[in-house]
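Chemist: Using the sequences and the hints, build the whole thing.
If you're matching positions, the sequence shown starts at 1 in this note's numbering and goes up one per residue.
Just so you know, these hints were derived from the structure itself, not from any lab. Virtual Cβ for every residue (Gly too), placed ideally from N, Cα, C. Don't take each hint at face value.
[Said to hold, decoys possible] Calculated pairs, SDA-like style, for lysine to any residue (alpha carbon to alpha carbon, straight line, at most 20 Å):
| no. | residue 1 | residue 2 |
| --- | --- | --- |
| 1 | Lys129 | Ala110 |
| 2 | Lys2 | Ala30 |
| 3 | Lys2 | Lys129 |
| 4 | Lys81 | Arg120 |
| 5 | Lys17 | Thr39 |
| 6 | Lys2 | Gln100 |
| 7 | Lys12 | Arg22 |
| 8 | Lys12 | Pro68 |
| 9 | Lys2 | Ala110 |
| 10 | Lys81 | Val124 |
| 11 | Lys2 | Lys90 |
| 12 | Lys17 | Gln33 |
| 13 | Lys81 | Arg40 |
| 14 | Lys12 | Leu125 |
| 15 | Lys90 | Gln33 |
| 16 | Lys12 | Gln33 |
[As the list claims (entries may be wrong)] Listed next, with one range per pair, are the computed distances between beta-carbon atoms:
| no. | residue 1 | residue 2 | range |
| --- | --- | --- | --- |
| 17 | Asp84 | Glu16 | 22 to 28 Å |
| 18 | Lys29 | Gly50 | 32 to 38 Å |
| 19 | Asp94 | Thr39 | 17 to 23 Å |
| 20 | Lys129 | Asp97 | 28 to 34 Å |
| 21 | Asp84 | Arg48 | 34 to 40 Å |
| 22 | Gly14 | Asp119 | 32 to 38 Å |
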Amino acid sequence: MKIGIYAVGRLKAGPEKELASRYLDRFAKAGPQCGLEFTRSVELNESRAGNADTRKREEAQELSRQIPDGALIVVLDERGKAFDSAEFAKFVGDAADNGQRDMAFVIGGADGIDPELRDRARLVLNLGKLTWPHQLVRILIAEQLYRAVTILTGHPYHRV
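Modeler: Given below as structure tokens:
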């Protein structure tokens, strides 16, 4: 299954980008063992519209253009469902085992995700009750993707 991260906003050069890249590289190297392939990270510019609803709608339209047709969409949102790492790994592994071709992890802009795109998601996932800056969300999801692969392959990285 091909996995991509689709985000509003750009990571600037620095420790956040380096750390996200490190985990995505690890995932890209380890993922094929269990049928997972990291294919792309898409960063979109934030909308410059005058109000939040219009910004969210414009950002969602651009995200939707980038996400492959038929992809299983996972929206990262503080109002979503919380998984532990084993549950997350099972979700990803089950999707791959059931023949899902693409999975898209979507990170909205500062105003959040447009309701229409959120409604298209198979899963709305939160990464805890705290609110995280979008730069850290990319690191967190990159690390959890790598951790999911290690759980699925029995690698000792994940310790319970």
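Chemist: Now look at each hint and say whether the structure bears it out.
Modeler: Status of each hint after checking the structure:
no.	hint	verdict
1	Lys129 to Ala110	17 Å, holds
2	Lys2 to Ala30	13 Å, holds
3	Lys2 to Lys129	28 Å, violated
4	Lys81 to Arg120	15 Å, holds
5	Lys17 to Thr39	17 Å, holds
6	Lys2 to Gln100	9 Å, holds
7	Lys12 to Arg22	15 Å, holds
8	Lys12 to Pro68	25 Å, violated
9	Lys2 to Ala110	27 Å, violated
10	Lys81 to Val124	6 Å, holds
11	Lys2 to Lys90	16 Å, holds
12	Lys17 to Gln33	25 Å, violated
13	Lys81 to Arg40	24 Å, violated
14	Lys12 to Leu125	25 Å, violated
15	Lys90 to Gln33	15 Å, holds
16	Lys12 to Gln33	31 Å, violated
17	Asp84 to Glu16: 22 to 28 Å	24 Å, holds
18	Lys29 to Gly50: 32 to 38 Å	44 Å, violated
19	Asp94 to Thr39: 17 to 23 Å	19 Å, holds
20	Lys129 to Asp97: 28 to 34 Å	30 Å, holds
21	Asp84 to Arg48: 34 to 40 Å	38 Å, holds
22	Gly14 to Asp119: 32 to 38 Å	34 Å, holds
Violated hints, in rising order: 3, 8, 9, 12, 13, 14, 16 and 18; the structure is consistent with all others.
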